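Novice: Those sequence lines, one after another, are chains A and B. All residue numbers for the first sequence refer to this note's numbering, where the first residue is 1 and numbers rise by one. All residue numbers for the second sequence refer to this note's numbering, where the first residue is 1 and numbers rise by one.
Rather than coming from a laboratory, the hints here were simulated on the basis of the structure. Keep in mind the model is a prediction, meaning the values are calculated, not measured. Just so it is clear, CB atoms sit at the ideal spot from N, CA and C, and this is done for glycine as well. Careful, some of the hints might be misleading.
As the list claims (entries may be wrong) - Selected chain A positions facing chain B (Cβ under 8 Å, derived; list incomplete):
{"hint": "1", "residue": "Arg-50"}
{"hint": "2", "residue": "Ala-51"}
{"hint": "3", "residue": "Val-58"}
{"hint": "4", "residue": "Ser-70"}
{"hint": "5", "residue": "Pro-100"}
{"hint": "6", "residue": "Ile-104"}
{"hint": "7", "residue": "Arg-106"}
{"hint": "8", "residue": "Ala-107"}
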Amino acid sequence: MQDYIDSGVPAYFHARRSIVKLVALPGRRTLVLLLGFCLAIAATFFFGYRAGRTARHVRWQNEPIRPWMSVPFVAHTWHTREQPLFEAIGVPPNPHDHRPIRDIARAEKRPAAELISDLQKAIANSDQTGKTP
Amino acid sequence: MSEQVLAALARYGSPALFAIVAVAAVGVPLPVTLLLIVTGSLAAQGLMNFWSAIAIAAVGSVAGDQIGYAVGRWGGSRLVAGLSRMIGSAERIRELDARAKSWGGAGVFFSRWLVAPLGPWINLASGAADYSWLRFTVWDFVGESFGAGIFIWLGRVFSDRVQEIGSILGDLTWAIIGLLAAVFLGWKLFFKRGMGATAEASPATKA
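Let's have the full structure, built from the sequences with the hints guiding it.
Specialist: Pasting the structure below:
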């Protein structure tokens, strides 16, 4: 049996021998490898789980409004018209205005968070009044 | 950083896309996957042409990758000395060199899109290992075009869900990198050591 393990190819025996060796004599290099192995497994499960969780909720969650978005972009992601959104933040409606909200906020000398809040209210109002196409 | 990058894309379109993907390919950590998905969304809104966006993203990325490759290849003795210290010995470098040549094409191709965070390192390693420039460029262009095509297409299909799709793809990329690392480390821990032990033990057993 011992001869078979030593001369044979089966990976199972190599693995068993390694595990025995790991437990018996955990050198510094082995410990580093083992730690890296455990971290890699943990990272795989963590990111895999997070991806799955996001995928499950993707249909029910609305896209949050971010300062990098332009008003037409917000209108597209929320399936609403641009005009009420421009009006809500006090900017003349212009479908070719692709400035990000943060640039509009800078030009209007208002915080971007305030404009985002106004946009959210306008979207909620347009939903209630059935203006969404 | 993410906000500035996406704001630049929303405002300036194609020139910003080209510049950002090129800088990211050199190794600056920028959210390229999300950028490409947002590009797809802009294409769905009629603000960018779908095919030209793919071409611009691919060419920009290849331009950045070329810089990484050139630094690896002609980066001078300091880079090689640094790599030697990291890797171990001249023997080890020759081994890595041979491995880079045998795995080169697939490594370059998959690191363009499937495990994109490794891309800049593969560029450096390919240059340092003297991997053929022509082969590198061909695989690079194929991989970057494929990756840009996938992400921009996903952005076009899910144009109203760009952040969630970007988040899912980002997490999946790291999960794949974690899995590859686990397989590699597991192989070193449980199999390579086992084979080494067998090779050492066999003559004694036979004797």
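Novice: For every hint, state whether the structure bears it out.
Specialist: Comparing the hints with the structure gives:
1. Arg-50: holds (5 Å)
2. Ala-51: holds (4 Å)
3. Val-58: holds (5 Å)
4. Ser-70: holds (5 Å)
5. Pro-100: This hint holds: A:Pro-100 lies near chain B, its Cβ roughly 4 Å from the closest one there, short of 8 Å.
6. Ile-104: Since the shortest Cβ distance to chain B is 11 Å, the answer is violated.
7. Arg-106: Hint violated; A:Arg-106 Cβ to chain B Cβ min 11 Å, cut 8 Å.
8. Ala-107: Violated - the Cβ of A:Ala-107 stays beyond 8 Å from chain B, reaching only about 12 Å at its closest.
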